Amino acid sequence: MTTVEPAVARGGAGDAKPNEPPLVRVVDLWKQFPSARSLIDVLRRPSVEPPSPAIVDVSLDVRAGEFVGLLGPNGAGKTTLLKILATLIVPDRGTATIAGHDVVEQPANVRRVIAPLLANERSLYWRLSAHENLELFAALLRLPQREAASRVSDALDVVGLADTGRKMVGQFSAGMMQRLLVARALLGHPRVLLLDEPTRSLDPTAAHSFRSFLREELGVRRGCAVLVATHRTEEAFELCDRVVVLNRGRVAAIGRATELGESLLGFRYSAWTTEPNHDALEDLVIAGRAHRVAARSDGDGRWWRVEVEIAGGDDAAHELLATLVKAGMPIARFERVAAPLGELIDRAVGRSGRR
Amino acid sequence: MSTQAALALTRASWRTAKSYRVSFALSFASLITTIIPVYFVANALQPFMASVIADEGREYFGFVLLGTAMLTLVSPAVSSFASAVSGGLSSGFFEALLVTPTPLPALLAGQTGYAFAWAVVRLVLLIIAGTLLGVDIHWLRLPEGLLITSLVVVAYCGVGLLAAAFVVSFRTNAAIPQAVLVLSTLLGGVYFPTSVLPPIVSPLSEWLPLTPGLRALRQTLLLGYPLSTVGGDLIQLVGLTTVSMLVGVLALRWSFGYARRAGSLAQY
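Residue numbers (the working numbering), protein chains in the order written: chain A, 1 to 355; chain B, 1 to 268.
What the hints contain is simulated information worked out from the structure, not anything from laboratory work.
Just so you know, these numbers come straight off a predicted model, no measurement behind them.
Covered, in the sense of this in silico footprint (three residues per stretch, anywhere, with C-beta under 8 Å from a C-beta of chain A), are these stretches of chain B: (1) 4–16; (2) 90–104; (3) 258–265.
Partial list, computed: chain A residues near chain B (C-beta under 7 Å): (4) 86; (5) 88; (6) 89; (7) 90; (8) 108; (9) 116; (10) 120; (11) 122; (12) 125; (13) 127; (14) 136; (15) 139; (16) 140; (17) 141; (18) 142.
Virtual Cβ for every residue (Gly too), placed ideally from N, Cα, C.
Turn these sequences into a full structure, and let the hints guide you.
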């Protein structure tokens, strides 16, 4: 497992509080689902190897105000972990507590402090208005009627649906429905949010503003602990304080996304040039000072974007840039870039040796 | 607070149903068009049926009316739990409900509340229409009638919970609601007294809560007998209700435990 020291503090009021006990504590969690086999199949092949466990000895903490991303290939165990924390699945071994309540022993207490955002927009009443949907869930959350009315208005206001609160949900766009799901999650003033791909149905612009909203509202204003399963680079790098890479149910890597990227993939830079195969760059690659990752044309074939990994970080990059410029390589732009999430996961999974 | 949650769910279903205006209006209209033909057919058969139904009533129309009315309540009791769970599982709505602090019984009551409320409205309309068409009901026996009706409905709720347990565990209701409804309609004394059933199916008929329930209901409401006279049927009904609810509740509890272990509670 690759571990990078957790960088829980990121500046700002919504940051994690390292001195407080974690709101989410998972210790050596283990879950194996029973295999779904027919009776005839069991009689035919009684000694078939049981399926791989979905979660294997997973341990992690999430503090108030902290966003932790769950990454990994499909079937890695992200959703299973979220569902265990949401009290929908019972683990076989290990413990998981939320705000001090055990998810197996005290599920009712857990449900009072969590707000899972696992279901999709079909879990809304499409023939009712947003306001009516929230009124319903205020009752299910057992809020007193007087308080429920103000919470519904507040929640709609927070997600920017105050003006369309009386409109039928069936007429909403995917983004509006996603916002309504968040409003529903916020109704009970939860301390822990469990989000499963919260921006999957949003376009890039809506997803960006949605992430800003999540960070500002949940992290900064409300100080919630947030666990978010995602496949999006932006969520892992911009939204999450730390990420946990899962592979076949095990923690393959844990740490801050950018730092994990640097430790697993090196420092990555992109250079805009008209000569992607310039001799000076080739010499540096041969000398092992840079590792070429990719080169892409901008369309008309004149300018190229060359991505390189440079061991040694910004100081080494500065020297390398100076060498290239001195050798006459035309460079219009040179910048540090985030490693693609897919590569990061691949590398973490590959290093954990259980792919 | 659980009642508030259940009522909120029922209200949401009511608002949804109300939003389909044409369908809502047609369902009222169909009720009226159902009762009129029954009235004429029952009157035509009265000379032949009078002696057959003598133990449970004098007019065949009243006999059929109570049978139909009871079936109106039995239908949601048997079907609505499994339908609610199945629909909720496939849409993900059930998952959203299960992670709220509202207990499962309140969620199930709320999810099926509208179906029951609608059935009660239909029943009341049927009884009113029947009374207007001349059915002689002993209104003083209404409390006894309500007790018997409640027992029958609770007994069938047990079957409904068993069907819901099958849906939670195996994603199928195993045709339990359909089978029980068909058997109850044919062998439970809805359209003819169970005394005319062939001896080979008579014992089976006595295992259906509808059989003693309808017998007792008709004797109290149509013939005006006191509860003490229908004691045998009442004891039989209480026994069936107890067993049915016990089986239903235990099966549902087991199925939720199994689904939580198997991870299938929130699969859709």
